[in-house]
Amino acid sequence: MRAIILAAGMGTRLRPLTYDTPKSLVKVAGEPMAERQIRFLKEKGIDDIIVVTGYLKEKFEYLRERYGVKLIHNDKYDVYNNVYTMYLVREYLEDAYVTEADVYMCRNYFENHLENSTYFGGIKEGFESEWKLHFDEDGRVFEIEVGGGTDYIMSGISYWTRQDGQVIRKKLEEVVEGGNFDRVYWDDVVGTILGDVRVYIKKIDSNDWFEIDSLEDLKKAENYILGKNV
Numbered sequence: 001m002r003a004i005i006l007a008a009g010m011g012t013r014l015r016p017l018t019y020d021t022p023k024s025l026v027k028v029a030g031e032p033m034a035e036r037q038i039r040f041l042k043e044k045g046i047d048d049i050i051v052v053t054g055y056l057k058e059k060f061e062y063l064r065e066r067y068g069v070k071l072i073h074n075d076k077y078d079v080y081n082n083v084y085t086m087y088l089v090r091e092y093l094e095d096a097y098v099t100e101a102d103v104y105m106c107r108n109y110f111e112n113h114l115e116n117s118t119y120f121g122g123i124k125e126g127f128e129s130e131w132k133l134h135f136d137e138d139g140r141v142f143e144i145e146v147g148g149g150t151d152y153i154m155s156g157i158s159y160w161t162r163q164d165g166q167v168i169r170k171k172l173e174e175v176v177e178g179g180n181f182d183r184v185y186w187d188d189v190v191g192t193i194l195g196d197v198r199v200y201i202k203k204i205d206s207n208d209w210f211e212i213d214s215l216e217d218l219k220k221a222e223n224y225i226l227g228k229n230v
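If you use full-length UniProt numbering, the sequence shown closes out at 230, no skipped numbers anywhere.
Hints listed in this document are in silico derivations from the structure and should not be mistaken for laboratory results.
The beta carbon of each residue, even a glycine, is placed where N, CA and C say it ideally should be.
Careful: at least some of the hints might be erroneous.
[Claimed, not checked] In silico lysine to any residue, SDA-like type, Cα no more than 20 Å apart, as pairs: (1) Lys27 / Arg107; (2) Lys59 / Leu17; (3) Lys203 / Arg107; (4) Lys124 / Asp205; (5) Lys170 / Asp151.
[Stated by the list, open to error] Quick list of the computed label-pair ranges, beta carbon to beta carbon: (6) Glu145 / Ser214: 39 to 49 Å; (7) Gly139 / Arg162: 33 to 43 Å; (8) Tyr19 / Val79: 16 to 26 Å.
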């Protein structure tokens, strides 16, 4: 089992914090988000960790020295969405976690023994544009929808089996090598092949994670975290 951490983004909505710090290395309650994820992965015995960098790539070098992670650079981070980032690391997708590095995990909900591909997700309220998960009574995800409301949404953490990773890799190659993918996200790609993979939801609490996209998100997360002494 390994992990791929997507950390190429610029984080323009977090300026001025991101003028000289990558979004994923912004500190939440005193700890960089990506570093917290790496620490949590290692606590579960997952040491094969790949961090895909983009904006301010040199800022990530200390992670290689401190944690022994592998760094892969996406030099088109400011051109394409994260589908291209995933294309660059497609060979590592089998038996792997994929995490968005701008997610602050309030608790360590990584698992080191998963039989099925898994989206970790929980209920959030009153959102405007999130990746909503629709699943059957067995928990198998049959549709991914971007929208608003109150519903189960992706937490930015997923796991993919060896078999499903192979299926997704082929689809990534088809999409990227076919061109015209500049507005495509990697979750869009998965959404088109849900009938060919077996991915289930793992329900987590609504306060188990915070996605930090803006200064308002950061303030909200820190108020909760510091109040709970997480």
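**Report entry** Index of numbered hints that the structure contradicts, given in increasing order
**Finding:** 5, 6, 7
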